[in-house]
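Trainee: So the chains spell out like this:
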Amino acid sequence: MGSIKMIKYWQENNQMMLSLTWQHLVLVISSLVLATIIAVIIIALFLRKKNWLKALTYFFSLLYSVPSFAFFALLIPLTGLGTTSAIIVLVIYSEYVLLRNFITGIQEVDPSYLEVAKGLGMNERQIFLKVQLPLAMSAIFSGLQIALCSTMAIATIASTISAGGLGDLLFEGLQTGRIEPILWGTILTACLSLYFMLMLKLLENVISGSWRNALKGEN
Amino acid sequence: MNKAMIKFKNVSKKFGKNEIISNLNFEVKEGEFITVLGASGSGKTTTLKMINGLEKPTAGDINVAGYSIQKGKLIEFRRHIGYVVQSIGLFPHMTIAQNIAVTPKLLGWDKEKINHRVDELLDLVNLPRDFKDRYPAQLSGGQQQRVGVARALSANPPLLLFDEPFSALDSLIRQELQHQLKDLHRKLDNKTFYFVTHDINEALYLGDRVMVMNHGKIEQFDTPQNLVKHPQTEYVKQLLDTAQENQKLWEALK
Chain E
1 MGSIKMIKYW
11 QENNQMMLSL
21 TWQHLVLVIS
31 SLVLATIIAV
41 IIIALFLRKK
51 NWLKALTYFF
61 SLLYSVPSFA
71 FFALLIPLTG
81 LGTTSAIIVL
91 VIYSEYVLLR
101 NFITGIQEVD
111 PSYLEVAKGL
121 GMNERQIFLK
131 VQLPLAMSAI
141 FSGLQIALCS
151 TMAIATIAST
161 ISAGGLGDLL
171 FEGLQTGRIE
181 PILWGTILTA
191 CLSLYFMLML
201 KLLENVISGS
211 WRNALKGEN
Chain G
1 MNKAMIKFKN
11 VSKKFGKNEI
21 ISNLNFEVKE
31 GEFITVLGAS
41 GSGKTTTLKM
51 INGLEKPTAG
61 DINVAGYSIQ
71 KGKLIEFRRH
81 IGYVVQSIGL
91 FPHMTIAQNI
101 AVTPKLLGWD
111 KEKINHRVDE
121 LLDLVNLPRD
131 FKDRYPAQLS
141 GGQQQRVGVA
151 RALSANPPLL
161 LFDEPFSALD
171 SLIRQELQHQ
181 LKDLHRKLDN
191 KTFYFVTHDI
201 NEALYLGDRV
211 MVMNHGKIEQ
221 FDTPQNLVKH
231 PQTEYVKQLL
241 DTAQENQKLW
251 EALK
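Residue numbers (the working numbering), protein chains in the order written: chain E, 1 to 219; chain G, 1 to 254.
Since the hints were derived computationally from the structure, they do not count as laboratory data. Source: prediction; values computed, not measured. There could be a bad hint or two in this list.
Stated by the list, open to error - When the alpha-carbon atoms are kept at most 30 angstroms apart in a straight line, the in silico DSSO-like pairs for lysine-lysine are as follows: (1) G:K3 x G:K187; (2) G:K132 x E:K201; (3) G:K49 x E:K130.
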């Protein structure tokens, strides 16, 4: 019975659902890309200033603890309804996760490698780009994964400030008391997450797969 | 042959209140193979790191290849000094070719020149050329150390620093590498090798001169023969006694 209703809902609304999925995707991916760029810039600037880095991470952890619903509402007077406000909130939320993971990953790189790099004549920037960043890749990607999943979920709430996305389906279901849009919204969000998780894994393999495999003893 | 490659003048190094090196004076000439022998904590590695500026002296003057080690020019300066470290030295995320090419790339060599140099160096350290695209994890410890030596030689530096490069290897491979390193030093024209070790046999075998260090001071800096025939301090005597002790054990077992 239920599955027939689900299929019927799809048949009637698939245009709208696909466009919501697309909106959701754009919201999440642009936020993540922005957050990643900001995280790398922050780390590159403050890597040697440990106290600054600590203070910034602490600052973002405070922002992270603000409930997302309140955050969206608070931004309305500043940046209005819609996508801009949504992206700002999503960037801030993922920033904490990304910074934490990136910093831990980079600081856990064996200091002997850094000393060798210095001994071979690399400057600070070259050490960061050619040694620290590549060796921290697995931590960086696990940070991206966590940020991806949480942003996918939080982005549904952006629907409350008219930023669209799959949250529209959830709230439609809540308001009309129908289960189908809620289920469809959940399924599509999960599918989107899975798809991009897979993409991240592939990207990680392209970037550092060959030497990771070498470490595992595969050729 | 007589020019000085390394000159230490009244060099001291403190970490906080601990004086690791106290008033060190010595001179290494161009083309020499110097081994530095000492226990851990003797200051031998700190001394080596002061030669390429990884550690800065608290007091005194260090002169390497005619340049006084000053701040600012250190990065460029290090590209012209070979540096070989213990087993962890190779970057795991770079292929063998990329590892060897680190310094040439920093110096802005073109691709062709780098490729040519990598081939040349692999030949020199007796590694097959098809190792180029492998990763360090796919090589044995001894092979990795050969790559380490090749990398140190990449920009054809006049001075190579070795920080206990063979200490993690088993004795058969270590001996093989010692022979080859000594051959390499003979083959390469007028290159200075500065080799830190805690293995007395390694120090005596490899060095044209051996610097024995203890508690941040030089106990004796002499040819292996003079060291064995005329040990000048109690510490050197004791060190040599341990080697002779081993010899006795061998005789007894025969």
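Trainee: It remains to establish, for every hint, whether it holds in the given structure.
Mentor: To see whether the hints hold, each was checked on the structure:
1. A hinted pair counts as satisfied when its Cα atoms are at most 30 angstroms apart, and K3 (chain G) with K187 (chain G) qualifies at roughly 20 angstroms.
2. For the hint linking K132 (chain G) to K201 (chain E), the alpha-carbon distance of about 27 angstroms falls within 30 angstroms, and the restraint holds.
3. About 22 angstroms separates the Cα atoms of K49 (chain G) and K130 (chain E), which keeps this hinted pair within 30 angstroms; it holds.
Checked against the numbered hints above, the structure violates none of them.
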